[in-house]
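From first to last, the protein sequence lines are chains W and H.
Residues 169 to 918, numbered by our numbering, are exactly what the first sequence covers, in order.
Residues 56 to 208, numbered by our numbering, are exactly what the second sequence covers, in order.
Hints are computed from structural coordinates only; laboratory data are not their basis.
Do not rely on the hints blindly, as some may be mistaken.
DSS-like, lysine-lysine: derived pairs with alpha carbons at most 27 Å apart [claimed, not checked]: (1) W:K623 <-> W:K753; (2) W:K660 <-> W:K346; (3) W:K749 <-> H:K203; (4) W:K753 <-> W:K796; (5) W:K346 <-> W:K432; (6) W:K760 <-> W:K749; (7) H:K58 <-> W:K394; (8) H:K58 <-> W:K371; (9) W:K556 <-> W:K394.
No experiment lies behind these values; they were computed from the predicted model shown.
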Amino acid sequence: MTIHLDRRQALASAGALVVSVALPGVAPAATRASRLPLKPDQLATYISVNADGSATAWIGKVDMGQGTDVGWTIMVAEELDLAPDRVSIVQGHTDVTINQGGASGSTGIWKGGTALRNAAAEARRVLIEMASERLRVPADRMTVANGVISDKSNAAKKVSYGELIGGQHFDVTLEWNKQFGNDLAITGKGKPKSPVDYKLLGKGGVRRRDVPPKVLGTLDYMVDVKVPGMLHGRMIRPPIAGAVPTAIDEDSVRDIPGVKVVWKQGFIGVVAPREWDAIRASERLKITWSDAKPPFPNQAAIYEHIRKADVVHRDVEQTVGDVDAVFAKATRVVEQTYEWPFQSHAGMAPACGVADVRNGEATIWSGTQKPHYAAQGVARMLNLPLDKVKCVAMTGPGSYGRNDAGDATMDAAVLSQAVGKPVRVQGMRFEGHGWDPKAPASVHVARAALDQDGKVIAWQFETKGFSKRDLFTNEGDPAHTLAGQLLGVPLKHTAIFGAPGESYVFDTKRKASETIAPLLDRGSPLRTSHMRDPGGPQTTFAVESFMDELALATNTDPVEFRLRYLKDARDIGVIKAAAEKANWKPHVGARKQLVGDVLVGQGIGYATRAGTRVAIVADVEVNRTTGKVWARRFVVAHDCGQIIAPDLLRQCIEANVVQSASRALWEEVKFDSHRVTSVDWQTYPILDMTEAPETIEIVLINHPERTPTGAGEGATRPTAGAIANAIFDATGVRLRQAPFTPDRLKGGLA
Amino acid sequence: MAKRIELNVNGTRHTIEAEPEMPLLYALRDDLGMQNPRFGCGLAQCGACTVLINGEPTRSCITPVDGIAGKTVTTLAGIGSPAKPHKVQAAFIEEQVPQCGYCLNGWIMTTVALLEKNSRPNDAQIREALAGLKCRCGTHASILRAVKRAAQA
Numbered sequence: 169m170t171i172h173l174d175r176r177q178a179l180a181s182a183g184a185l186v187v188s189v190a191l192p193g194v195a196p197a198a199t200r201a202s203r204l205p206l207k208p209d210q211l212a213t214y215i216s217v218n219a220d221g222s223a224t225a226w227i228g229k230v231d232m233g234q235g236t237d238v239g240w241t242i243m244v245a246e247e248l249d250l251a252p253d254r255v256s257i258v259q260g261h262t263d264v265t266i267n268q269g270g271a272s273g274s275t276g277i278w279k280g281g282t283a284l285r286n287a288a289a290e291a292r293r294v295l296i297e298m299a300s301e302r303l304r305v306p307a308d309r310m311t312v313a314n315g316v317i318s319d320k321s322n323a324a325k326k327v328s329y330g331e332l333i334g335g336q337h338f339d340v341t342l343e344w345n346k347q348f349g350n351d352l353a354i355t356g357k358g359k360p361k362s363p364v365d366y367k368l369l370g371k372g373g374v375r376r377r378d379v380p381p382k383v384l385g386t387l388d389y390m391v392d393v394k395v396p397g398m399l400h401g402r403m404i405r406p407p408i409a410g411a412v413p414t415a416i417d418e419d420s421v422r423d424i425p426g427v428k429v430v431w432k433q434g435f436i437g438v439v440a441p442r443e444w445d446a447i448r449a450s451e452r453l454k455i456t457w458s459d460a461k462p463p464f465p466n467q468a469a470i471y472e473h474i475r476k477a478d479v480v481h482r483d484v485e486q487t488v489g490d491v492d493a494v495f496a497k498a499t500r501v502v503e504q505t506y507e508w509p510f511q512s513h514a515g516m517a518p519a520c521g522v523a524d525v526r527n528g529e530a531t532i533w534s535g536t537q538k539p540h541y542a543a544q545g546v547a548r549m550l551n552l553p554l555d556k557v558k559c560v561a562m563t564g565p566g567s568y569g570r571n572d573a574g575d576a577t578m579d580a581a582v583l584s585q586a587v588g589k590p591v592r593v594q595g596m597r598f599e600g601h602g603w604d605p606k607a608p609a610s611v612h613v614a615r616a617a618l619d620q621d622g623k624v625i626a627w628q629f630e631t632k633g634f635s636k637r638d639l640f641t642n643e644g645d646p647a648h649t650l651a652g653q654l655l656g657v658p659l660k661h662t663a664i665f666g667a668p669g670e671s672y673v674f675d676t677k678r679k680a681s682e683t684i685a686p687l688l689d690r691g692s693p694l695r696t697s698h699m700r701d702p703g704g705p706q707t708t709f710a711v712e713s714f715m716d717e718l719a720l721a722t723n724t725d726p727v728e729f730r731l732r733y734l735k736d737a738r739d740i741g742v743i744k745a746a747a748e749k750a751n752w753k754p755h756v757g758a759r760k761q762l763v764g765d766v767l768v769g770q771g772i773g774y775a776t777r778a779g780t781r782v783a784i785v786a787d788v789e790v791n792r793t794t795g796k797v798w799a800r801r802f803v804v805a806h807d808c809g810q811i812i813a814p815d816l817l818r819q820c821i822e823a824n825v826v827q828s829a830s831r832a833l834w835e836e837v838k839f840d841s842h843r844v845t846s847v848d849w850q851t852y853p854i855l856d857m858t859e860a861p862e863t864i865e866i867v868l869i870n871h872p873e874r875t876p877t878g879a880g881e882g883a884t885r886p887t888a889g890a891i892a893n894a895i896f897d898a899t900g901v902r903l904r905q906a907p908f909t910p911d912r913l914k915g916g917l918a
Numbered sequence: 056m057a058k059r060i061e062l063n064v065n066g067t068r069h070t071i072e073a074e075p076e077m078p079l080l081y082a083l084r085d086d087l088g089m090q091n092p093r094f095g096c097g098l099a100q101c102g103a104c105t106v107l108i109n110g111e112p113t114r115s116c117i118t119p120v121d122g123i124a125g126k127t128v129t130t131l132a133g134i135g136s137p138a139k140p141h142k143v144q145a146a147f148i149e150e151q152v153p154q155c156g157y158c159l160n161g162w163i164m165t166t167v168a169l170l171e172k173n174s175r176p177n178d179a180q181i182r183e184a185l186a187g188l189k190c191r192c193g194t195h196a197s198i199l200r201a202v203k204r205a206a207q208a
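Next up, chain H with everything else stripped away, as it sits in the complex:
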């Protein structure tokens, strides 16, 4: 049965009516009308749906919407703006990273969280932190350059 659920997304409170087991992804996209994050697999295998929940990168495609009451959700569009991009976004733009860019939520949000915990990660630590993400276009070399640039910023 659908129930009322409160969401705090990018600093704004919303109330929606939804099945409690519905993944957060559909609440963000369909109830709140947001463009990102995106559906990639629905299985937490790729990262295209990644958001930050209380600062932790989380796969919204398998996270029931009912479980995030009282927590803060931040999306790719919420970490920076065209006028003031997040330093990770600025680095991804500087390195002209994406091809299709569909996967970017995962790479950028996971990097944001990585740099919060470890501001100067080495190559191996970066690769390990980003291991669970997919990029089908094969832009891995550009991504590594951008993450290293962001870590220097």
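If we strip away everything but chain W, and leave its shape as in the complex, we get:
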């Protein structure tokens, strides 16, 4: 049976409402009824005290496995003077939290944590005020320990948080900045503690709650959601990107039990009671596709395409002085070009989503970073009021930006509405790689004007590439999902590459980026969206490689050269800390040191990101015969302002370094004129255990008095530049195109 979709069709009334389905991931107490109304200026939206005196913090952000929720726990427990195991966190679910942007832009601790800290400080103030009234003791004579408020001069006079308000809601209004999403900020009259009073924050040792169930195999992941009566769905993507089905032959799957085909325009999927049957049906269904013109250039010509393409948008990110005038009078000009390919999120599994759309309501289960936006997108797509769409935030197969999770959620919602039953969709591996949103390919041209003393008097950096945001950073609009694009909704591309700034100080300087049109504007497997540190790794690879080339051009040590053009003490601090820990030996040019059978080299990379500073020194070994690089040792100096949980911060940095090393050494989305041909781990290799670094040494620089500015992405930014510079030191080969694969390096070594 083929179901032809009409987005405006009245919702089928088929199927009784499922009663008392246990929702994976939601504690029984966390029901909508007990949480309404959720208003952004109400303390009760963020903090509640339970009957036993423990506290729950509610946040519209999501931890994706870095332990951000431990950071939130620590920040709340510190302000409330509770043990961390007496603070629980509920994150992401749209019916019990408010939209604070989800996981996004390294703002989990910075903005989400700051909001919770302010809320907890206000809760403490209010609780002390309540205790003061009840005990008839002035508030300034009160002290708090383990959730018990007592009279400093008479410990017998005491009352617990639970006795004061356990099980009831705070009725307290906060100052709210009228923003939702990442920028939501709140403050109360209660001021957060001064760092000198910290008992917990910054000390480490608080354990993650999600680790034991993950390791013991007891955690319900996104893929484990089962809803009574649920069907399994699989989407079918075209053999030529841009082609749409013109006819289907249902007889080709008629022998598979219970299969239904759902088709409208470019959106085509199958559902079946058994998952294996849905998979078989998706493979066997005979489809006639439209005669689409192959949309992509030859892979080898991608950078030529970028250079020649019309510019649709130009940003000047940084400008100081009259760069052009200075270049005109330069003694010497150095210019180099760097290239970076499309890269894939390539999650551990293709995304999965479950939707139950019936009776004018929808519940969606999603591994998305941004559950509130996922609910908005589904509501718009299905023409449902937003308050009738609930998103349950589930643990997915990792997430480092806008990956395919939002697409799978929307696919499930469209299928569920069409068949009137709950539907679970998961992609196959070739869809995970081949059809997830991509990070954009780009070309970076760097120029410097030198005076007669070798001083850089002008510095110019021009990027040209695809937008980093064909799709917005969230799936809150159907235009930003594959399903929406395949169903013909009007597109809303944003043309912006957006090269992030760095903090080198030159007398004159211009940093600009130009954006070109997408290769295929609708339903493209090369559509772009944010991937861990959007624009950062590629731009910083080019900047940091060029800084080394300028150091060589001016007969200067790479570390010394950078320090000449930095003024900020924290910028200088991370570079000096990394160099010292790495036992950096000043040198000019490539040393080509042979140790045993391998060439060894050391290189530095440095970046700032939204206030966080990171310097990385990489030590590499290069096999002279194969050209294979082992990034053996990294030293990372990391300054993200205030440190909340140093142990988790270290692990977060380590994983950023390994993932970004993988992107630098191996990762490139391959495609031909018809389609993406990187479709699995053979055709899109990533770093494996034999190539993992031997050591990652981390120097944490703490500023307890400063705002914590985030660590989710900062250490991803300088890695590729550090590795490229180390490869140069080892071999004398300057790689200006990523990734640094054996073939590419072998060519230079010959």
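Assemble the complex: chain W is given as a structure, and chain H must be docked to it using the hints.
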């Protein structure tokens, strides 16, 4: 055509009706309702579906369900329990290894098998034994620490 197939999983016998060529993974997840192992690639390239079959780490995503009659299947949840975790699980918890954790079946089950054969592997032997596994979050450094800890346990 679907046929009756007997499975012995974590010490319990089950009988299912399935296409004989259906991979074991779908029998475990959909017929037996287990949360793990998980689908990662369906191509034996990543390890997220790894189970032990007669003690050997095996990719259940490409193993036809018909071929394991008479063999024992052990999953991640079958090697230890919250009360008594396997020493490899205990080490992974102690080192707080996972980020998303989706890949853990492969790393833990392959390590269990490695330590059965070689109770004191060196760094190179550990890396070689774990070479065919993927972790996209980049937790390799934590994994190495945990495997070394488990080998000392």
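Each hint tested on the structure:
no., hint, in the structure
1, W:K623 <-> W:K753, "holds (22 Å)"
2, W:K660 <-> W:K346, "holds (25 Å)"
3, W:K749 <-> H:K203, "holds (25 Å)"
4, W:K753 <-> W:K796, "holds (24 Å)"
5, W:K346 <-> W:K432, "violated (40 Å)"
6, W:K760 <-> W:K749, "holds (22 Å)"
7, H:K58 <-> W:K394, "holds (25 Å)"
8, H:K58 <-> W:K371, "violated (59 Å)"
9, W:K556 <-> W:K394, "holds (21 Å)"
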